[in-house]
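S.K.: Residue numbers (numbering that gives the first Met the number 0), protein chains in the order written: chain A, 0 to 372; chain U, 0 to 458; chain X, 0 to 106.
Because the hints were derived from the structure by calculation, they are not lab data.
Possibly wrong hints are sitting among the right ones.
Here are the computed lysine to any residue pairs in the SDA-like style, where the Cα-Cα straight-line distance is at most 20 Å [claimed, not checked]: (1) Lys389/U <-> Pro72/A; (2) Lys254/A <-> Leu11/X; (3) Lys205/A <-> Gly368/A; (4) Lys254/A <-> Pro97/X; (5) Lys205/A <-> Pro72/A; (6) Lys389/U <-> Glu80/A; (7) Lys168/U <-> Leu11/X.
Pairwise CB distance ranges, derived in the manner of DEER restraints [as the list claims (entries may be wrong)]: (8) Gly54/X <-> Arg237/U: 48 to 58 Å; (9) Gly76/A <-> Pro104/U: 46 to 56 Å; (10) Arg232/A <-> Gly54/X: 11 to 21 Å; (11) Arg237/U <-> His245/A: 26 to 36 Å; (12) Gly54/X <-> Gln360/U: 36 to 46 Å; (13) Ala15/X <-> Arg232/A: 43 to 53 Å; (14) Glu73/A <-> Gly55/X: 31 to 41 Å; (15) Gly54/X <-> Asp314/A: 13 to 23 Å; (16) Ala50/X <-> Glu66/A: 30 to 40 Å; (17) Lys168/U <-> Ala50/X: 41 to 51 Å; (18) Gly55/X <-> Arg336/U: 24 to 34 Å; (19) Pro366/U <-> Gln49/X: 53 to 63 Å; (20) Gln23/A <-> Glu81/U: 53 to 63 Å.
Ideal Cβ positions, reconstructed from N, Cα and C, are used throughout, including at glycine.
Here is what each chain is made of, one letter per residue.
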Amino acid sequence: MNRADVIIIGGGIMGASAAFFLRQHGQSVILLERGLIGQQASGVNFGNVRRQGRHLHQLPLANRAREIWLRLPELIGEDCELVTAGHLRVAHTSEMADRMAAYADDSRAYGLDLEMLSANALRDRFPYLGTQLVAGCHDATGGHANPRLTAPAIGRAAARAGADVREQTEVTGIAHQAGEFTVAIAGGASVCAPVLLITAGAWAGKLSAQFGEPVPLAVHGPQMTVTEPLPYRIAPTIGVSTPHLHETVYFRQVKRGNIVCGGFARGPASAETNRATVLPEAILGQMEQLRRVMPGFARVQTIRSWSGIESYLPDDCPIMGPSVTTPGLFYAFGFCGAGFQIGPGVGAVMAELIATGRTDTPIEPYAIGRFAR
Amino acid sequence: MAGPRVIIIGAGPAGVRAAETLVAAGLVPTVIDEGQRAGGQVYRRPPAGFTRPAAQVYGADAAKAQALHARFDALAIDYRPETLAWAVRDQTLHIARDGVAEALPFDALILATGATDRLAPVAGWTLPGCYSLGGAQIALKAQACSIGARPVFVGTGPLLYLVAWQYVKAGVAVAAVLDTAPRGAQLRALPDLMLRPGLLARGLAMQVRLRAAGVTMAQGVTPLAIAGAHEVTGLRYRTAAGVERTIAGDAVAMGFHLRPETQLADLAGCPFVFDEALQQWRPEADRDGRTPRAGVYVAGDGLRILGADAAEVSGQLAARAVMADAGIASNARETARLYTRKARLERFARGLATAFPWPAQMAAATPDAVMVCRCEGITAGDLRDVAGDKNAPELNRAKALSRIGMGRCQGRFCGPAAAEILAAARGVPLRDVGRLRSAAPVKPLPMATRTAPTTEPDA
Amino acid sequence: MSGQPTGRLRRLAETARAPVTIRVDGVPVTALAGDTVLVAVLAAGRVLRQADFGGGDRAGFCLMGACQDCWMWTAAGERLRACTTPVAAGMDLATQTPGEDTWPAHA
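In isolation and in its complexed conformation, chain A is listed as follows (with noise of 0.2 Å):
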């Protein structure tokens, strides 16, 4: 069948989710996906499942993919490894102490329920944090899952609730046509559909350019760190809350024990040529850095890392949103490094819109249109 009521260009998180929500809402879904499913940035991200720390606007959608996280098992018959036992953020300086307080007042209203801690209470709790820490503030559903496995898991139950989905298939071009997109694929064929959703992440920004809606993408390569399997000891996911880029690390301790382990920098990273370097001496600072957060960090050894195409706008806001250019046209992308937790949200917020045409979760923030000349 080469017609659908829906074609996806991308199959990440974004997509993938979106595929099963629509599906969800009885629409006929074609997800193209050049790759495999979540094998981008998707699959490469640090794995936080986080309401912390995400700017208020986008509170509502966070909160709105937490209900569905909480779900996956009902969903999708998968937990994606999901492990809800904090999510913990620290500081360094007093300054940033004070900036995640007035987080934690601001957030209350959107349902967040944070609770600082001092430096005294953040050692009593866990006690394997390095002593120079001045304060914490700590998020009881916060949490962390499996990047590796989500997107393709979602991908699959996309798949078993009847979405066509298409792995290995290259777009080629894309026209519009009297309300109807058709989409080439390589090797000849095309698909078509009223609609088309593009979720096609750090190459995105070429598709939306074709419309007439060029944004200011870049693209960076989350330096990713993983150590040796370890006793598993540490609960929450921790991060630094700080200014400073190079200060920003963040780690978590999976069940089967490796701390996998993010941050220090960005590295170098292309969507022409599809490769992101993890720098070595980016592995080092990070080292450093983890040791000022947890000193047991120096007993033990990182054994692996990787990087992958994260892709970012100047605001630190994704698109989201109907295409101001071209009915029939929406795009989720661009997700600056931040779109695991609110994936699966932005599936459902995004199916909901084409489905129904509208949707109660605000992403105005998000509109395409903001970058328009």
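Following the hints, put chains U and X in place on chain A, whose structure we already have.
M.R.: Okay, now just chains U and X, sitting in the frame of chain A:
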């Protein structure tokens, strides 16, 4: 005198001969060695204070080992022992020793990184008492120990017979030498093996002497399981005739020839080619060891498994290529001689691959319950699940979904069998499932590692 | 010269080296100068560590720093790779996973 800054990784036969060649041309290469003392694995030197004569440690290879050690000891180079080369990016090598990291710029990098045993899993192979053939040999050579009182040797390759014989000579009651290579494989390989009659004769003599020493010998064997609940108690196998037998023993030494250490070549951006004869991937290189990546050369078993003698030739050729590319002249006749010798050794190596083939079918048929990834505890069944339900078409996707190859060893010991299992599950040729990509650090790097403070001259 | 009967590895020669005393799981063990930690532990005992997954004891495999199957804890919560670490007097090693007071230790 400024010449190209050359770094050699590895101080085995390839690395030592490369270093020697460069030194003779007036260069001062840096040699990075993970070991305590130069020699690599095959000519590994016991620690200082060990007194066995070379003949006892290296047997028939004593003269070669001593010659190589003497060559190395005579070199004026920048030698970095106990140093891990953990990453390479652009023209910089990243090393670490004793918790201190250093970034070394280079004009030319010679990867002489050697090899490890190539393993196919057998049920029970993670039990205490089961070691690789190389491990069994290192225990004896470098530590004067036996892996047990009654070891069983299983697998294939020249190392199978060599190490078993070394054990017997050392007075150990070797229970059995069980070769998975089919009867007749050695015969078929004779034309190529005859290119090195001395080595061939030695190999045959070893087999004769093992038998004479009362060791159970068999070919065409299929190992079924290493027996024991908490540690090795023996090995169950099927003979070529289809009879199931169990041999008692308190240790197993297993291995199926070798696989090259290629992680740094991968990180350096070297493209890889699939070697049909050996059924494994290796870095692409010309006959001198030049890779398509400018400034990066490979030599020895780290390029292609050809053995120690070929490694010595290959190290010299790589060094000569470095020199040629830097505009330093070298003796063309000598290079031609090296090419001729290498061609002969390559043919011999092809003979070994014929005589002792990698047991592809056995590996592909690893039972579901058998652990393939020792580091992460992933079974063949786990891998087949992601090949099927989760549609993993190649190894890196299979790794992301099953965790195979995600452990500390980065797939060194599970990779070969994982590839066979995945290819069979997908119904595709082995090369189509690709190879596990390497990541920095290529071996575990202590998180206490600090960058060396740069010593600034006083202003 | 035979090894101690309880050890996995058998010493065949080179036994005239200086003794080195270490502790393994709190028990004094006499190794020889020049032993790797792997040999020091397994010449007297039978196990190096617990497997991370799937249960069971591990006692090393490749002896050349490639398989990474011989990483041990020290009693103080440090890590070392037994086959590539020379034994040193006073080493205090553990074949079992340490408690949380040891790792991640109190800062």
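S.K.: Compare the structure with each hint and give your call.
M.R.: Cross-check of the supplied hints:
1. For the hint pairing lysine 389/U with proline 72/A, the CA-to-CA distance comes to about 17 Å; that is within 20 Å, so the pair holds.
2. Among the hinted pairs, lysine 254/A with leucine 11/X is inconsistent with the structure: their alpha-carbon atoms are about 43 Å apart, more than 20 Å.
3. With a CA separation close to 16 Å, the supplied pair lysine 205/A and glycine 368/A stays within the 20 Å bound.
4. A hinted pair counts as satisfied when its Cα atoms are at most 20 Å apart, and lysine 254/A with proline 97/X qualifies at roughly 17 Å.
5. Restraint check for lysine 205/A and proline 72/A: the C-alpha separation of about 36 Å exceeds 20 Å, so the hint is violated.
6. This hinted pair checks out: lysine 389/U and glutamate 80/A have alpha carbons roughly 16 Å apart, not beyond 20 Å.
7. A hinted pair counts as satisfied when its Cα atoms are at most 20 Å apart, and lysine 168/U with leucine 11/X qualifies at roughly 11 Å.
8. Against the hinted window of 48 to 58 Å, the Cβ-Cβ separation of glycine 54/X and arginine 237/U comes to about 28 Å, which falls outside the hint.
9. Roughly 52 Å separates the CB atoms of glycine 76/A and proline 104/U, a value that falls within the hinted 46 to 56 Å.
10. Distance hint for arginine 232/A and glycine 54/X: a CB-CB separation of about 19 Å, consistent with the stated range 11 to 21 Å.
11. Separated by about 59 Å at the C-beta atoms, arginine 237/U and histidine 245/A break the suggested range of 26 to 36 Å.
12. As the Cβ distance of glycine 54/X to glutamine 360/U is approximately 30 Å, the hint placing it in 36 to 46 Å is violated.
13. At about 45 Å, the CB distance of alanine 15/X to arginine 232/A agrees with the hint of 43 to 53 Å.
14. Distance hint check: the CB atoms of glutamate 73/A and glycine 55/X are about 36 Å apart, consistent with the given range 31 to 41 Å.
15. About 51 Å separates the C-beta atoms of glycine 54/X and aspartate 314/A, a value inconsistent with the hinted range of 13 to 23 Å.
16. Distance hint check: the CB atoms of alanine 50/X and glutamate 66/A are about 38 Å apart, consistent with the given range 30 to 40 Å.
17. A hinted range of 41 to 51 Å for the beta carbons of lysine 168/U and alanine 50/X is inconsistent with their spacing of about 34 Å.
18. Under the hint 24 to 34 Å, the C-beta atoms of glycine 55/X and arginine 336/U, about 53 Å apart, miss the expected range.
19. Range check, proline 366/U to glutamine 49/X: Cβ separation about 24 Å, and the 53 to 63 Å hint is violated.
20. Take glutamine 23/A and glutamate 81/U: their Cβ atoms lie about 59 Å apart, and the range 53 to 63 Å holds.
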